[in-house]
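Participant: Chains as they are written, first to last, in the numbering used here: chain A, 1 to 282; chain B, 1 to 240.
Be aware that one or more of the hints could be misleading.
To be verified - A short, non-exhaustive set of chain A residues, derived as facing chain B with CB atoms under 7 Å:
1. Ala91
2. Asn94
3. Gly106
4. Phe112
5. Ile113
6. Gly142
7. Ile223
Claimed, not checked - From chain B, some residues computed to sit far from chain A (all C-beta separations above 12 Å):
8. Pro20
9. Glu32
10. Ser72
11. Leu84
12. Arg87
13. Arg89
14. Asp90
15. Ala93
16. Glu110
17. Phe141
18. Arg142
19. Asn144
20. Glu214
21. Leu215
The set of hints was computed from the structure by calculation and includes no laboratory data.
For every residue, glycine included, the Cβ atom is placed at its ideal position computed from N, Cα and C.
Here is how the chains run, residue by residue.
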Amino acid sequence: MKHRVLGVLWLVLFCFIFTSCAGEPRLQKGIIPRETAAGEPLEEKPVLLLDLPLGPTYTTPGVDPGGVSRDGKCPTSLAVGPDGSIYIVDAARNKVLVYDQNPLTGVIELPFIDQEAWDLMVIGDRLFLRDYQFEYLFDHQGLLHQICGLDDSSGFTLHDLPSRRSSETTYRQCPDFNWVFEQVTDGLGNRYSFSNTIIRRVDHSGQEMARGQLPKIMPYSSIADFFITPGGGVYTLSWVYETGNITRALVHRVLSPVSDSAPDIPFLQPYCSLRPSCALQA
Amino acid sequence: MPSKLEIRSKLWPPIQIEDPVLLNNFWHLMQEIGKLTPRSARLDKTDYRPMTLVASWPSGSKKEFKLVNRDSLLYGSYYHHAFLNRRIRDLLAKAMYNPANLARAVLTSEIEVVLLDLPGVKRRLNEEEKNLFALGLIDTFRVNYREATQPCDPPFPLYALDLKGKGWQARMYFAGEHYINMDEEWYGHTFAHDGSLLRMVQEWLPVPAAKPGELAYLYRAEELKIVETDTVSDLTYWKN
């Protein structure tokens, strides 16, 4: 009898763990890691925050009603807000989807249709996106606030900024389609380098502070975008392929933030002052 | 910022925009255009879906602009900027081709289903069919034009709906099983549907009977393959 009761308890516990790990997409807030022994970098494994099957509804980005969106029509870019909310550009439907503890907490309409909606950033209460040539700021209502890069002479561009985005000019693509980044910084001055499977955080003195494994999802996946928060949290957006099509989009945290109070992009303003009409209004 | 924007075109029923987000974004783009150096001569004499825009302010004042071609705007002088003018067209299309306006245009116009690949094959829709089609349009949503069937592989046979209203006419192109495009160049204003709209028009205007050797005979096939000496190319994917 005792064994039967224990068996039932184990079954209930198993079901609880199983149901809490599967089904609806969910998000875990970032946790600041503990200190490590002197000289030893902290090692982290990727933590799955969102698992989004692609499909025809807002909670399942990508739009082909008959099945699954293909390359270039999927979620293309991600950002993480100061409150930990995850923002994803659903390029097919021209919307930004906002996820928090609940699966979906907001849908933001892009100001206009964009061929290439990349490099999403959250700047205060505004969002930043980049087309292949132009950058623009808009808010949670979809109100356009600023466009930059309309001429070649001025305006802020990500190339001018201390980058924390995948589009930085210092990346190159490896033969195995993993990206390598160099000289990427967070708001605290830490630098990040990405190799095939590992991301490393290095402080201003050059000491390696932490390393995180990049997610590897079977049978095949690719990383579509990275995002580094001012506090040093590193997140990835991955596409999962099945039978040649992208079927899911995943968001992982690969390095936990070292601070939740880092200054939020203090470096934008000087670059915008190049062109008065383009001064950042965020 | 204007409080109202009216779109007049020979391509669609007149539309009035009063949505503050759309008006703000429109006016923001217009202010950027105002910073450009005006051109005295038109760069491209080919009018491309020309539209007249009348912006009104609460004070009663009005300004009239004309979108001349894909990249140019006329307001006294010509202002040429591909990015800005195409984004303005995007904004306007968002209002013109939202589901409610699509359905309204269908209900208030004369409509023919046409098979563009077979000249002369067409059929006028009755009121019941128009109601059914308008109902199906309510669930459509706008998509990035990269989502739609690409220019290199237009489906066949090409189905379209010709709409004719008072002072305007438009054509809806079916692209693949799930998309309808309002632009003959295949990367214009595209919206997605669940497949039912294409099935409706295929039922209302099936490919006519044909003999082997006639073009229509190909469109009636369940499968379509090109057999060469060493290879077989399956074209069924592109068949509507």
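Participant: Please go over all the hints and tell whether each is borne out by the structure.
Facilitator: Evaluation of the provided hints:
A distance limit of 7 Å between C-beta atoms decides the matter here; for Ala91 (chain A) the minimum to chain B is near 6 Å, and the interface restraint holds. Satisfaction of the interface hint for Asn94 (chain A) is found here, the shortest Cβ-Cβ separation to chain B being roughly 6 Å, below the 7 Å cut-off. Evaluation of the Gly106 (chain A) hint against chain B yields a violated restraint, the C-beta minimum of about 15 Å exceeding 7 Å. Checking Phe112 (chain A) against chain B: minimum C-beta separation of about 4 Å stays under 7 Å; hint holds.
Contact between Ile113 (chain A) and chain B, as hinted, is supported at the beta carbon level, the nearest pair being about 5 Å apart and thus within 7 Å. At its closest, the beta carbon of Gly142 (chain A) sits 5 Å from a beta carbon of chain B; the interface hint therefore holds under the 7 Å criterion. The interface hint given for Ile223 (chain A) is broken, as the beta carbon of that residue sits about 21 Å from the closest beta carbon of chain B, more than 7 Å. Not every CB of chain A is more than 12 Å from the CB of Pro20 (chain B) (nearest about 8 Å), against its label as outside the interface.
Residue-level check failed: Glu32 (chain B) sits 6 Å from the nearest beta carbon of chain A, not beyond 12 Å. No Cβ of chain A approaches the Cβ of Ser72 (chain B) within 12 Å, the least distance being about 16 Å, so the stated non-interface status holds. Distance to chain A contradicts Leu84 (chain B) as a non-interface residue, since its nearest Cβ pair spans about 7 Å, not more than 12 Å. The claim that Arg87 (chain B) lies off the interface is violated: its Cβ sits roughly 5 Å from the closest Cβ of chain A, which falls inside the 12 Å cut-off.
Under the 12 Å C-beta cut-off, the non-interface status given to Arg89 (chain B) relative to chain A is violated; the minimum distance is some 9 Å. With a cut of 12 Å on Cβ distances, Asp90 (chain B) falls inside the contact zone with chain A, its closest approach being about 4 Å. A Cβ of chain A approaches the Cβ of Ala93 (chain B) within 12 Å, the least distance being about 8 Å, so the stated non-interface status is violated. Every CB of chain A lies more than 12 Å from the CB of Glu110 (chain B), the least distance being 29 Å, so the non-interface label holds.
A beta-carbon of chain A comes within 12 Å of the beta-carbon of Phe141 (chain B); the shortest separation is about 7 Å. The Cβ of Arg142 (chain B) does not lie farther than 12 Å from every Cβ of chain A; its closest approach is about 7 Å, which violates its non-interface assignment. A Cβ of chain A approaches the Cβ of Asn144 (chain B) within 12 Å, the least distance being about 6 Å, so the stated non-interface status is violated. For Glu214 (chain B), the non-interface assignment is confirmed: its Cβ lies about 30 Å from the closest Cβ of chain A, beyond the 12 Å cut-off.
With a least CB separation of 27 Å from chain A, Leu215 (chain B) remains clear of the 12 Å interface cut-off, as annotated.
When each numbered hint is compared with the structure, violations occur for hints 3, 7, 8, 9, 11, 12, 13, 14, 15, 17, 18, 19.
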